[in-house]
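Just need the whole structure built from these sequences, with the hints factored in.
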Amino acid sequence: AQKVTQAQTEISVVEKEDVTLDCVYETRDTTYYLFWYKQPPSGELVFLIRRNSFDEQNEISGRYSWNFQKSTSSFNFTITASQVVDSAVYFCALSEGELTGGGNKLTFGTGTQLKVEL
Amino acid sequence: ETGVTQTPRHLVMGMTNKKSLKCEQHLGHNAMYWYKQSAKKPLELMFVYSLEERVENNSVPSRFSPECPNSSHLFLHLHTLQPEDSALYLCASSQSDRYNEQFFGPGTRLTVL
Chain D
1 AQKVTQAQTE ISVVEKEDVT LDCVYETRDT TYYLFWYKQP PSGELVFLIR
51 RNSFDEQNEI SGRYSWNFQK STSSFNFTIT ASQVVDSAVY FCALSEGELT
101 GGGNKLTFGT GTQLKVEL
Chain S
119 ETGVTQTPRH LVMGMTNKKS LKCEQHLGHN AMYWYKQSAK KPLELMFVYS
169 LEERVENNSV PSRFSPECPN SSHLFLHLHT LQPEDSALYL CASSQSDRYN
219 EQFFGPGTRL TVL
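Heads up: the protein sequence lines correspond to chains D and S, in order. 1 is the number of the first residue of the first sequence in the working numbering; add one for each residue after it. 119 is the number of the first residue of the second sequence in the working numbering; add one for each residue after it.
Keep in mind that the hints were calculated from the coordinates and are not lab data. Among the hints, erroneous ones may be present.
Claimed, not checked - Below, in silico cross-link-like pairs of lysine-lysine (DSSO-like), each with a Cα-Cα straight-line distance of 27 Å or less: (1) S:K154 - D:K3; (2) S:K158 - D:K3; (3) D:K3 - D:K38; (4) D:K3 - D:K115; (5) D:K115 - S:K158; (6) S:K154 - S:K136; (7) D:K3 - D:K70; (8) S:K154 - S:K140; (9) S:K140 - S:K158; (10) D:K105 - S:K159; (11) D:K70 - D:K38; (12) D:K3 - D:K105; (13) D:K38 - D:K105; (14) D:K38 - D:K115; (15) D:K38 - S:K136; (16) S:K158 - S:K137; (17) S:K159 - S:K136; (18) S:K158 - D:K38; (19) D:K105 - S:K154; (20) S:K158 - D:K105; (21) D:K105 - D:K70; (22) S:K154 - D:K38; (23) S:K137 - S:K159; (24) S:K140 - D:K105; (25) D:K3 - S:K159; (26) D:K105 - D:K16; (27) S:K136 - D:K115; (28) S:K159 - D:K38; (29) D:K38 - D:K16; (30) S:K154 - D:K115; (31) S:K154 - S:K137; (32) S:K159 - S:K140.
Shown next, in the form of structure tokens:
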């Protein structure tokens, strides 16, 4: 069965610190996709990134960067120079692929609550 | 309107009431999803519709009844709910091709008294 583990339940940092959110996954599929979402207090999950299992290049987008290590089944997310607006719950998710009839099924981790304080 | 919208944003209902949650997507997607998010638990997939056909029913009790009249609209009809059904209900949409990201609405915060 597919599984996503986010062992860090809550992280508190001071603004401008760098912070890394861990994500470890389990799957028997050779082709899969990994995702990160952000859920601010408003409730809406905001899509941040999608990464396929064949692309192990790290990705950087502004202050955000992602490190995909297939050998350790990890897809970690780093925020550089954190800001108060980064405070949210962050979810890592794994795609189980296409459902019969269409659509896909995501397995989510339990999320990491990030609090950035002044 | 852009993205995925949900109404109402907040709902309080008694166990004998009947209510409906509405979701609308403006992204041209052809798959829609209902999720339940309870405190301290992972997001639980409830239903998936692709091209207006239900393709997944994740062992959800019959007191939750989904409806997808077209590819832009999704409803969740509620009746005789239990207090443990209180949660944030999130709607999402995507293209039905495999591995596409899902886009979420803001959710409906449901409280069952």
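The hints, checked one at a time:
1. S:K154 - D:K3: The hint holds at about 18 Å.
2. S:K158 - D:K3: holds (16 Å)
3. D:K3 - D:K38: holds (19 Å)
4. D:K3 - D:K115: At roughly 25 Å apart (the allowed maximum being 27 Å), D:K115 and D:K3 satisfy the hint.
5. D:K115 - S:K158: holds (17 Å)
6. S:K154 - S:K136: holds (18 Å)
7. D:K3 - D:K70: holds (15 Å)
8. S:K154 - S:K140: OK: S:K154 and S:K140 at ~14 Å, within 27 Å.
9. S:K140 - S:K158: holds (25 Å)
10. D:K105 - S:K159: Status holds; Cα separation ~17 Å.
11. D:K70 - D:K38: Holds, at about 23 Å.
12. D:K3 - D:K105: holds (12 Å)
13. D:K38 - D:K105: holds (18 Å)
14. D:K38 - D:K115: holds (13 Å)
15. D:K38 - S:K136: violated (32 Å)
16. S:K158 - S:K137: holds (26 Å)
17. S:K159 - S:K136: Holds, at about 26 Å.
18. S:K158 - D:K38: Roughly 16 Å between the alpha carbons, so the hint for S:K158 and D:K38 holds.
19. D:K105 - S:K154: holds (14 Å)
20. S:K158 - D:K105: holds (21 Å)
21. D:K105 - D:K70: Distance of about 21 Å is within 27 Å: holds.
22. S:K154 - D:K38: holds (16 Å)
23. S:K137 - S:K159: holds (24 Å)
24. S:K140 - D:K105: Holds, because 21 Å separates the two Cα atoms, which is no more than 27 Å.
25. D:K3 - S:K159: Satisfied, since the Cα-Cα distance of roughly 14 Å is no more than 27 Å.
26. D:K105 - D:K16: Violated, because 36 Å separates the two Cα atoms, which is more than 27 Å.
27. S:K136 - D:K115: violated (38 Å)
28. S:K159 - D:K38: holds (16 Å)
29. D:K38 - D:K16: At roughly 19 Å apart (the allowed maximum being 27 Å), D:K16 and D:K38 satisfy the hint.
30. S:K154 - D:K115: holds (24 Å)
31. S:K154 - S:K137: holds (16 Å)
32. S:K159 - S:K140: Between S:K159 and S:K140 the Cα gap is close to 23 Å, so the pair holds against 27 Å.
Of the numbered hints stated above, those contradicted by the structure are hints 15, 26, 27, listed in ascending order.
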